[in-house]
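Undergrad: Put the two chains together into one complex; each comes in its own frame, and the hints tell you how they fit.
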Amino acid sequence: MIKDGFKYLDLSGVYASLSIHGADALDLLDRLTTNKLMDLTDVGMGMGSVLTSNKGRIIDLLYVFKLADSILVITSYEARDKVCEWIDFYTITEDVLVEENSDQLGYHRVVGTGVADLFPQMAGLKPLQAREISVGSVSCLAFLPDVKSLTAIDFLVPTEFTTQFNAYWRGRADFIDSDGFDRMRIFNGIPVYGKELTSKFNPLEAGLIRHISFNKGCYIGQEVVARLNTYDKVQMQLVKLSLPMSVLDPVIQNGAKTIGLITSTNNEIGLGYVRNAYVAEGTVLKSGECLIEVLGTV
Amino acid sequence: MTTNATPAPLKIEISDEAAVHVKQFAIAEGKPNADIRVGVKGGGCSGLTYILEIVENGPSDTDKVIEENGVKLYVDKKSYVFLAGTVLEYSGGLNGKGFVFNNPNAKTTCGCGTSFSV
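Quick note, the sequences are listed as chains B and Y, same order. Here the numbering used here is used: the first residue of the first sequence is 1, the next is one more, and so on. Here the numbering used here is used: the first residue of the second sequence is 1, the next is one more, and so on.
Derived from the structure by calculation, the hints contain no laboratory data. These numbers come from a predicted model, not from an experiment. Hints should not be assumed to be uniformly reliable.
As the list claims (entries may be wrong) - Simulated pairs of lysine to aspartate or glutamate, EDC-like, Cα-Cα distance not exceeding 16 Å:
| # | chain 1 | residue 1 | chain 2 | residue 2 |
| --- | --- | --- | --- | --- |
| 1 | Y | 78 | B | 268 |
| 2 | Y | 78 | B | 281 |
| 3 | Y | 64 | Y | 35 |
| 4 | Y | 41 | B | 281 |
| 5 | B | 240 | B | 281 |
What the hints assert, rightly or not - Now the stretches of chain B that chain Y is said to cover, found in silico as 3 or more residues with beta-carbon under 8 Å:
| # | region |
| --- | --- |
| 6 | 91–104 |
| 7 | 214–223 |
Idealized CB from N, CA, C, for every residue including glycine.
So that you can see chain Y by itself, here it is in the shape it has in the complex (with noise of 0.2 Å):
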């Protein structure tokens, strides 16, 4: 049996766990309009490291934009390919990691988790 249905393209999804932080952060920074940017730069041991900062300037043209649980993300298109399917999570806690990528393109990751290879 074949089937003719297109797959859902994949995209970038944060958790309400690490939305509720992302507005907390934002609030402590005293800018809680501010939204999130997302993309990897080269580097880290890995090959690609995460970049995830606040910012209040809205998207560049070639942004894509993804808004989920009150939080919107800005990613570039580059990055977009690195990303695509990545999951953003909140590890709390005394163990915890902070904010946390669950990128299904990672291949590898370093030791620390900040950078990972494709």
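The shape of chain B in the complex, shown without the other chains (with noise of 0.2 Å):
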């Protein structure tokens, strides 16, 4: 019997870490990415920060922790390789060195109201401040995850004691497949890599601007990304929507015009991207034969 009501995820097929170190590594990622990584001033202080093209659009999104001796990225796990190779390019004369952590560190959420009541060492902490704490015998490094409606602890966990930590979750949450986690993340607005998260689009649509500092000086693609927002012309923005299982074509449409693109899908829920003037929440929409209704923006 399940007492808690928690869930537990493992995203180590979803997200992996890369440790970056060196005297210049946050210096060049604050180069790279589009928050103020150089506010990172304690250990255990992250933040969210967009790797963005020289045109503005997303890499991936990056979560960014200081550790006592290195510096900590959380990125997508299919976008790890081109994360690396875009970070060493940029690595002229920089003192930086990126080690990918996939094998040694698993990526694991539990979710559910009060689960942080079960680590005192949790106590206080806000979102993106990372600790290191012990869950049973197995100790990890957790932070609570950047989303809005969700209450959850994300652990990074050595892939040695991945069954001992397991097995303390075993009783106390439901294990949630890869579906499961797909239907929460789509339900709770959360982009991932490779199908929100593409270079067909900018931050500011895929409502990620909390992730940009628009004061602190350039980054790759911060002249596109500040135009965009300075003169309004984000075009369109990412919304949830409900939808009928049927649907199979990803175009959406308002009469004959295309007005936005469906990202994701699942049990009749969905994310996609929709033109400003569609946003609103109760918008009916077609795509194909299919009517499609606007939840709000993410």
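TA: Written as structure tokens, this is what we have:
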């Protein structure tokens, strides 16, 4: 019996971690991504920041943490090689070394009201503040993820202790499979690499403005992102959708006019990009012959 | 007709006017015998940002050293890949931009001209 009502998800196939070593690690990442990473002054502090191309398009959404001896970067599992190559390409004379950790560290999430109360060390932490904690006999890095509508803790666990970590949660949480995660993340408006986070879209369209600093100075893509924001040129926004399971065509239309694109679907909910004029909650649009309803921006 | 002539290696050049201004800046900073280092670093709107600084401590072991118009210019080897063929010029006057990198490798530059992509 699951008495606590928590949900456990192994997201090691969704997110990966990189350790970035060297005196210039944070400075280089600050020059490559949208947020003011130089404000990560204390160990354990973290923030989201978008890696963008020089056209201001999304490469991936990163979560960056300052640790005692390195910078920890959470990236999408599928994007990890691309992110490593990108950082490596822009490492000219800097003291920076990137180490990909996905073989050594698994990424786990436990969702549920009161989950943080299980760990007194998490008391008072804000989202994206990381702390070393013990889960049963397993020492791991934990933080509250940056998801507005979800109460959860994310854990980075050494893969050699995955069995013990799972054993701790067995009996305390329902184990959710990848389909369950997909449904949960769509319901909570969480974009993922390859669907919502692609080079077709920019961070403003993807609802990632909270991860953009507009006064930090230059980074790759800054000129485009700043111009889009300043002159109100963002054309579309990421929205949640209600749609029938029979939807086959990703193109969203209003009459004969194409006004958006469905990027994810699961059991009558979905995510997609829709032109600004159609993002209001309750707007009814069409995809093929199917009616779809906008549930609001993410 | 074919030719076996080997093309001259691309190098980094510094114009007469830029050399004059480099020397003036070095004197103004109280370092009349200083040289300059050019390079690139990741960042800037377009991807790579130019580095131009006056240095007193000579080249590192891995630097390329180019001497032209009485100025010694140091460049690290990775930056050289992005800068080969560049002419460092000086744009003076009220509308001038100061030192300007005319870089044939730059496909695009940002609005302020301090960063470029290849």
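Undergrad: Each hint needs a verdict: does it hold in this structure or not?
TA: Status of the hints after comparison with the structure:
1. Y:78 to B:268: Measuring from Cα to Cα gives roughly 52 Å; hence the hint is violated.
2. Y:78 to B:281: violated (52 Å)
3. Y:64 to Y:35: holds (13 Å)
4. Y:41 to B:281: Not OK: residue 41 of chain Y and residue 281 of chain B at ~45 Å, beyond 16 Å, violated.
5. B:240 to B:281: At roughly 9 Å apart (the allowed maximum being 16 Å), residue 281 of chain B and residue 240 of chain B satisfy the hint.
6. 91–104: With 4 residues in contact (Cβ-Cβ under 8 Å with chain Y), the coverage given for the region 91–104 of chain B holds.
7. 214–223: holds (count 6)
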